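Chain by chain, the residues run as shown.
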Amino acid sequence: AQTVTQSQPEMSVQEAETVTLSCTYDTSESNYYLFWYKQPPSRQMILVIRQEAYKQQNATENRFSVNFQKAAKSFSLKISDSQLGDTAMYFCAFIFQRRAGNMLTFGGGTRLMVKP
Amino acid sequence: EPEVTQTPSHQVTQMGQEVILRCVPISNHLYFYWYRQILGQKVEFLVSFYNNEISEKSEIFDDQFSVERPDGSNFTLKIRSTKLEDSAMYFCASNPSGSQETQYFGPGTRLLVL
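Protein chains in written order, with this note's numbering: chain A, 1 to 116; chain B, 1 to 114.
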């Protein structure tokens, strides 16, 4: 079974600063994808960034980037130039390439507060 | 930009009642999913659906739950006899071809069972 662990239940950062959210996962699969989803107070799930396990290059999406360490099974999210609108729950999620219709496995989430 | 929609946004029901949660996936998507999130907890997979049948389900998805695609656009989750512990946020998601593609989530339905 796959597990996803986010060890930081809550974090805070000053506006315009950089923050890194941690995620580790456990799997015996070799082909998989990793995601970070953002859940603002409205509770909608919004995709932030995704990483294919076969790619060595870390994914980047504007102010969001990941540090993917496959051997260590680590997938952290870095948010640069933090903005008040980044305040949200952040969930790390995993899916493996087995067949279609696979489920996402989520971590427990990290609540990020951006302070003015 | 196309998006997944869900209705209602909020639903309050009495324990033992049946509820139907509705979703309209993105129009060219073929795989549909339901997840739930009990307040303060992680998001949990319930079921995936393709070609008018369930492709995968979790142990949460017991006989009280069912899914259906009654027409070309809607995808529904029915809970036959709600329990207090069914109170949660229910998310619908879809993607074009299943597998490892990004799943796009709807805004969720907040269900409260009294």
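These are calculated hints, taken from the structure and not from any lab test.
Note that the coordinates shown come from a computational prediction; the quantities given were computed from them, not determined experimentally.
For each residue, glycine too, the CB sits at the ideal point set by N, CA and C.
Be a bit skeptical, because a hint or two may be false.
A few chain B positions that, by computed beta-carbon distances, are all more than 12 Å from chain A [as the list claims (entries may be wrong)]:
1. 3
2. 6
3. 22
4. 24
5. 39
6. 41
7. 55
8. 68
9. 70
10. 85
11. 103
To spell it out: a stretch of chain A is covered by chain B in this simulated footprint if at least three of its residues, at any positions, have a beta carbon under 8 Å from a beta carbon of chain B; those stretches are [as the list claims (entries may be wrong)]:
12. 43-55
13. 102-109
How the hints compare with the structure:
no.	hint	verdict
1	3	violated (10 Å)
2	6	violated (10 Å)
3	22	holds (16 Å)
4	24	holds (15 Å)
5	39	violated (10 Å)
6	41	violated (8 Å)
7	55	violated (3 Å)
8	68	holds (16 Å)
9	70	holds (19 Å)
10	85	holds (19 Å)
11	103	violated (6 Å)
12	43-55	holds (count 7)
13	102-109	holds (count 8)
Of the numbered hints given earlier, the model fails hints 1, 2, 5, 6, 7, 11; all others are met.
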